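Q: Each chain, letter by letter, is given below.
There are 2 protein chains.
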Amino acid sequence: MSFNIEDLAQLDQRFRTNLINSITGFKSVSLVGSISTNKQTNLAIISQIIHVGANPPLIGLLFRPNVVVRHTLENILSSEFFTINHIKEGFLKQAHHTSARWSESEFKTCGLTEEYLDDFSAPFVKESSIKLGCKLEEAIDVKTNGTHFIIGAIQFLHVPESNIGDDGFVDLEAAGTVTCSGLDSYHRTEKLARYTYAKPEYQPKEI
Amino acid sequence: MSFNIEDLAQLDQRFRTNLINSITGFKSVSLVGSISTNKQTNLAIISQIIHVGANPPLIGLLFRPNVVVRHTLENILSSEFFTINHIKEGFLKQAHHTSARWSESEFKTCGLTEEYLDDFSAPFVKESSIKLGCKLEEAIDVKTNGTHFIIGAIQFLHVPESNIGDDGFVDLEAAGTVTCSGLDSYHRTEKLARYTYAKPEYQPKEI
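Chains A and B, in that order, are what the protein sequence lines are. Quick note, my numbering runs 647 ahead of the 1-based positions in the first sequence. Quick note, my numbering runs 647 ahead of the 1-based positions in the second sequence.
Only chain A is shown next, with the shape it has when bound in the complex (with noise of 0.2 Å):
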């Protein structure tokens, strides 16, 4: 089924949200935990999260126009530091709960657990296996839709050992981490590959 430029305007809104958060493909999604210049911690799902360097190590969120109440980009913008905490099957239904708008922290609510790390003001999950410490380093504002692109500078990060290869590659399947499709379905993964770095002289092999 196709749609060009004039089917997709005039598509329902609600089937149009649906259709367009899906076709990104499969997507990061964690937790991003913050707090606020008067103490409350915030948790919030992202899947709008992007790698963007190794050396330095920076990672990019992508916000929603701020328009109304959005705790955590706040959050980030006045303390400066924030958490990212990937997401395990087995508190998924609270990770989805914290999109709720909820005016306390949604560790209380969402029954998620508060862990203070590497003298990080923001706030880890307690529950994840993977969890990254970043300083905002710059914020861009997309013009096109109002949207804002922050990056992050990975100061701290934790992983369990036992999911780090000899050569730095994390197994995120063994470590449990989900990964979203659209708004709202959340999946496992089966590996199915790692090839060598590709070459023009010879086919890809397995790892």
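Since the hints were derived computationally from the structure, they do not count as laboratory data. Since we're looking at a predicted model, the values are computed, not measured. Incorrect hints may have been included.
The list makes no distinction among identical chains, and a pair is therefore deemed to hold if it is satisfied within one copy or across any two copies.
Claimed, not checked - Below are the DSS-like pairs computed for lysine-lysine, each with C-alpha atoms no more than 30 Å apart in a straight line:
(1) K740 / K838
(2) K740 / K852
(3) K838 / K852
(4) K735 / K846
(5) K735 / K838
(6) K755 / K838
(7) K773 / K852
(8) K773 / K846
(9) K838 / K773
(10) K686 / K846
(11) K735 / K773
(12) K740 / K846
(13) K846 / K755
(14) K782 / K686
(15) K755 / K782
(16) K755 / K735
(17) K755 / K852
(18) K740 / K773
Got chain A; can you put chain B on it based on the hints?
A: Structure of chain B alone, referenced to chain A:
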């Protein structure tokens, strides 16, 4: 195992590259089709893809600094059109092989088929089930590390009709779309749950 800011700075370069590329979580991965001013087609596997907005439909791609030859980025900037084609298990090795440094078109060298749809100048991948046609909308320089964040307006979309739900949600698993982790690992998925829109008043329910 924890790494603080000094630990991360002192890691072996290759180890850090694998580590930091892994800890974003599972990623969207697709083949980006483009065409040069002298009409040579190009196909590149890219995992730095992010949903930017649904109305208007926008998608973002992040490209490494343009210090060496980067055909895809050059083609997008010169022609303004590109395609994003989901990767299926059946042509995973060919898709990975596009990341080698080819001088000819990757369609030819990697054994994938050019397809032209809806008057798009950029080539689609015939073997893909889900295909997006995009027009360059905004090119943003990330100052921190010199990467380029490209915003594309989605102007054409092909999805098998059987994979689109009544609410617009696309069943990527049924469509055979794969996900990736790190630089070189590919995975199929298995659905865990789809949840209702989260509200404070009740626990999320499975859809």
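Q: All hints, please: hold or fail.
A: Quick rundown of the hints versus the structure:
no., hint, result
1, K740 / K838, "both (24 Å within a copy, 14 Å between copies)"
2, K740 / K852, "between (38 Å within a copy, 9 Å between copies)"
3, K838 / K852, "both (15 Å within a copy, 29 Å between copies)"
4, K735 / K846, "between (35 Å within a copy, 21 Å between copies)"
5, K735 / K838, "both (17 Å within a copy, 13 Å between copies)"
6, K755 / K838, "between (35 Å within a copy, 28 Å between copies)"
7, K773 / K852, "between (38 Å within a copy, 24 Å between copies)"
8, K773 / K846, "between (42 Å within a copy, 24 Å between copies)"
9, K838 / K773, "both (26 Å within a copy, 25 Å between copies)"
10, K686 / K846, "between (52 Å within a copy, 24 Å between copies)"
11, K735 / K773, "within (12 Å within a copy, 35 Å between copies)"
12, K740 / K846, "between (43 Å within a copy, 12 Å between copies)"
13, K846 / K755, "between (51 Å within a copy, 15 Å between copies)"
14, K782 / K686, "within (17 Å within a copy, 43 Å between copies)"
15, K755 / K782, "within (24 Å within a copy, 44 Å between copies)"
16, K755 / K735, "within (18 Å within a copy, 41 Å between copies)"
17, K755 / K852, "between (48 Å within a copy, 20 Å between copies)"
18, K740 / K773, "within (16 Å within a copy, 38 Å between copies)"
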